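These protein sequence lines are chains A and B, in that order. Note that this note's numbering has the first sequence beginning at 1, numbered continuously upward. Note that this note's numbering has the second sequence beginning at 339, numbered continuously upward.
These are computed hints drawn from the structure, not numbers from a lab. Every value quoted in this text rests on a predicted model; they were computed, and no experiment measured them. Every residue gets a Cβ at the ideal spot worked out from N, C-alpha and C, and that includes glycine. A few of these clues could be false.
[Unchecked claim] Covered, in the sense of this in silico footprint (three residues per stretch, anywhere, with C-beta under 8 angstroms from a C-beta of chain A), are these stretches of chain B:
| id | segment |
| --- | --- |
| 1 | 386-395 |
| 2 | 556-563 |
[To be verified] When the alpha-carbon atoms are kept at most 25 angstroms apart in a straight line, the in silico SDA-like pairs for lysine to any residue are as follows:
| id | chain 1 | residue 1 | chain 2 | residue 2 |
| --- | --- | --- | --- | --- |
| 3 | B | Lys464 | A | Asp283 |
| 4 | B | Lys464 | A | Met1 |
| 5 | B | Lys464 | A | Pro58 |
| 6 | B | Lys464 | A | Leu13 |
| 7 | B | Lys464 | A | Pro19 |
| 8 | B | Lys464 | A | Leu3 |
| 9 | B | Lys345 | B | Ala357 |
[As the list claims (entries may be wrong)] The following residues of chain B were derived to be distant from chain A, with all beta-carbon distances above 12 angstroms:
| id | residue |
| --- | --- |
| 10 | Phe347 |
| 11 | Ile441 |
| 12 | Gly498 |
| 13 | Ile533 |
| 14 | Val569 |
| 15 | Ser600 |
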Amino acid sequence: MALLEVKNLDVTLATSRGPARAVRNLSFDLDRGQTLGIVGESGCGKSMTALALLGLLPENGVTTGSISLGGQDLLALDEDAMCGVRGNRISMIFQEPMTSLNPLHTIGRQVTEPMLIHQGMTRDEARAEAVRLLERVGIASARQRLDNYPHQLSGGQRQRVMIAMALSCKPDVLIADEPTTALDVTIQGQILDLIADLVSESGMALILISHDLGVIAETVDRVLVMYGGAGVETGPTASLFQHLAHPYTQGLFAAVPKLGSGGKGKSRTRLSTIPGLVPELADLPPGCTFADRCDLADDKCAGTMPTVHDVANDAGHRVACLKPDDAKSRMATSEAGA
Amino acid sequence: MSVFLAKRFLTFVATLLGASIVVFLVLEILPGDPSMTLLGADADEEAYAALRLKLGLDEPAVLRYFDWMWGMMQGDFGISYAYSVPVMELVWGAMALTVPLAIFAMLITIVVALGLGVFAASRHNKPGDYVVMAFSQLGIAVPNFWFGILLILFFAVNLGWFKAGGFVQWEDGVWLAVKSLFLPAIALATVQAAILARTTRSAVLETFREDYVRTARAKGLTRSQTLWRHVLRNALIPVITVMGLQFANLLAGTIVIESVFSLPGLGKLVFQGIANRDMPVVKDIVLLLAGMVIVVNFVVDVTYAVIDPRLKVHDV
Ligand SMILES: Nc1ncnc2c1ncn2[C@@H]1O[C@H](COP(=O)(O)OP(=O)(O)OP(=O)(O)O)[C@@H](O)[C@H]1O
Ligand SMILES: [Mg+2]
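Just need the whole structure built from these sequences, with the hints factored in.
Now the structure itself:
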């Protein structure tokens with residue numbers, strides 16, 4: 001049994017326009033030391049998935065399905081028990097390092113907090129550990145930094161502090177929700193390398209959320225592509241980048257310069273973008289969420305739940321689509337034409 | 339820090355000077371001749387003139403202003419026209435009532451408002467929240483003098499727990515003095531507490547939406563730990579701003595409430611002073627009240643700097 005098993009996860013948000021399914025029927029699992037990337041356009045439910053794992057959905061949200069961590073069903077836990085999981089067994093790093101730290105508390109106080117509540121350390125022990133953590137994430141003169149306030153640190157340093165804080169209780173799963181989007185390009189690489197190093201060093205599992213395919217390609221073993229709250233394609237990174245089995249994945253990749261996988265050398269520039277806008281959640285069709293924008297879709301797609309197919313011979317590379325063969329032959333022609 | 343204090347002191351003096359000019363000008367423009375009020379309407383012209391000369395009312399306004407300021411700087415607050423005693427003496431006696439009354443009312447305001455505001459926020463959109471909001475709406479709508487009268491009728495006349503008015507001097511027992519200020523303080527505090535409770539509630543709700551609160555929850559803090567450790571202190575900043583403004587309102591409120599409860603405080607003194615055209619008393623008290631408001635603002639600014647490390651003291 002995998003460390004983290006998510007089965008048929010559904011997140012429904014009560015809105016003024018009725019219930020909106022922000023995450024629908026999502027399943028994936030993750031083992032110790034594995035890294036999973038979640039990609040998809042803005043609003044496709046990446047953050048909602050992450051927050052559902054932590055039990056921190058907005059007040060109008062309801063989760064169904066099952067999330068099991070080390071065999072324990074997290075959705076069955078009460079709020080107190082979930083508090084013992086958050087920051088302890090599952091940690092999260094957020095997108096905005098500028099606002100994710102409390103401006104009125106010192107760095108030391110914020111980094112030691114999880115250790116004080118979860119591990120019953122004394123203040124001195126926690127401070128010593130915080131110095132070690134800050135040094136590990138690459139903060140210079142860590143001991144002095146403990147008494148600094150967030151506004152005295154740069155964005156990159158703050159994100160390092162967030163990472164130190166997330167790692168302080170040696171979690172089983174680390175969720176990084178667009179950890180570098182708000183940072184300078186030069187810093188982005190450093191932070192990603194740091195996360196990758198820490199993950200391989202500690203053997204925890206990583207869920208990296210991003211809409212930057214370059215980031216995904218370089219950092220994770222497996223990828224889950226989401227659209228409209230649903231997982232449309234998942235598989236090992238190399239296989240996924242090679243086959244692009246779902247029409248949405250194809251569109252997503254065509255929308256950005258082609259990245260180094262497959263060693264084609266010449267990078268493609270913006271060839272096409274996916275036509276249409278991401279629809280409102282409440283307006284999504286009951287069948288395939290992508291049907292409205294898919295040029296391969298026919299009348300059946302919008303009304304029927306897409307079937308799941310294995311792609312090529314790759315273990316664990318699956319696509320949820322009613323017309324995988326059409327998508328495949330299109331890929332073949334575009335590869336030939338390139 | 340000393341640069342900060344020096345700067346603040348200069349601002350303090352400048353503001354006070356500005357206030358003194360405004361107070362003086364307003365009283366200059368105010369119709370009514372003190373000699374007329376003091377001697378009655380049917381004294382003869384010579385008596386009026388003699389009195390005006392004695393009080394220095396014939397001198398040019400500018401000269402009288404500087405006389406007043408010069409006296410104040412030497413601690414000479416002038417002599418009351420109406421009572422013929424030093425204004426200092428009158429003010430001192432009245433302050434022993436009004437300052438404790440204002441502080442008492444402010445304390446009630448803070449305790450009640452913070453308690454109810456935080457409670458309402460933690461019950462957001464639940465019955466507890468609605469009840470608090472309904473009461474605070476009522477509290478804002480009720481005029482304080484009318485509420486004061488209701489309090490007297492109920493607690494003093496019907497139940498007999500308190501005296502209907504008047505002040506027991508501090509020398510006659512601290513407890514009795516406090517007790518005689520109890521109903522007036524509540525009458526003063528009600529509106530302010532209602533306003534501040536709303537401010538507190540919305541500040542707490544606002545802060546709960548901050549990213550760092552989500553971080554705190556993601557660390558495994560419970561909702562109440564998050565409230566106490568990460569929300570309250572941040573929410574306090576707008577609350578303190580409103581508190582500072584409210585102190586000025588409270589001082590103004592004492593003028594009415596002291597009349598309702600027949601308390602011989604600053605409010606009553608200035609009220610009678612205006613009626614009697616007792617200019618030295620009015621001028622000095624208004625200036626004193628302005629000074630108190632400025633001091634409170636200063637305290638508020640220093641509190642910001644203490645709460646928020648992003649504000650260096652010299653930025654204030
Ligand atoms: N409190 C809420 N009430 C109703 N709908 C919400 C709420 N918060 C988010 N949503 C909707 O849920 C959907 C999923 O949002 P989510 O934040 O998971 O997107 P995302 O994939 O993380 O996007 P991004 O890349 O912009 O972060 C969006 O369509 C969003 O509009
Ligand atoms: Mg997001």
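Which numbered hints fail: 1, 3, 4, 8, 14
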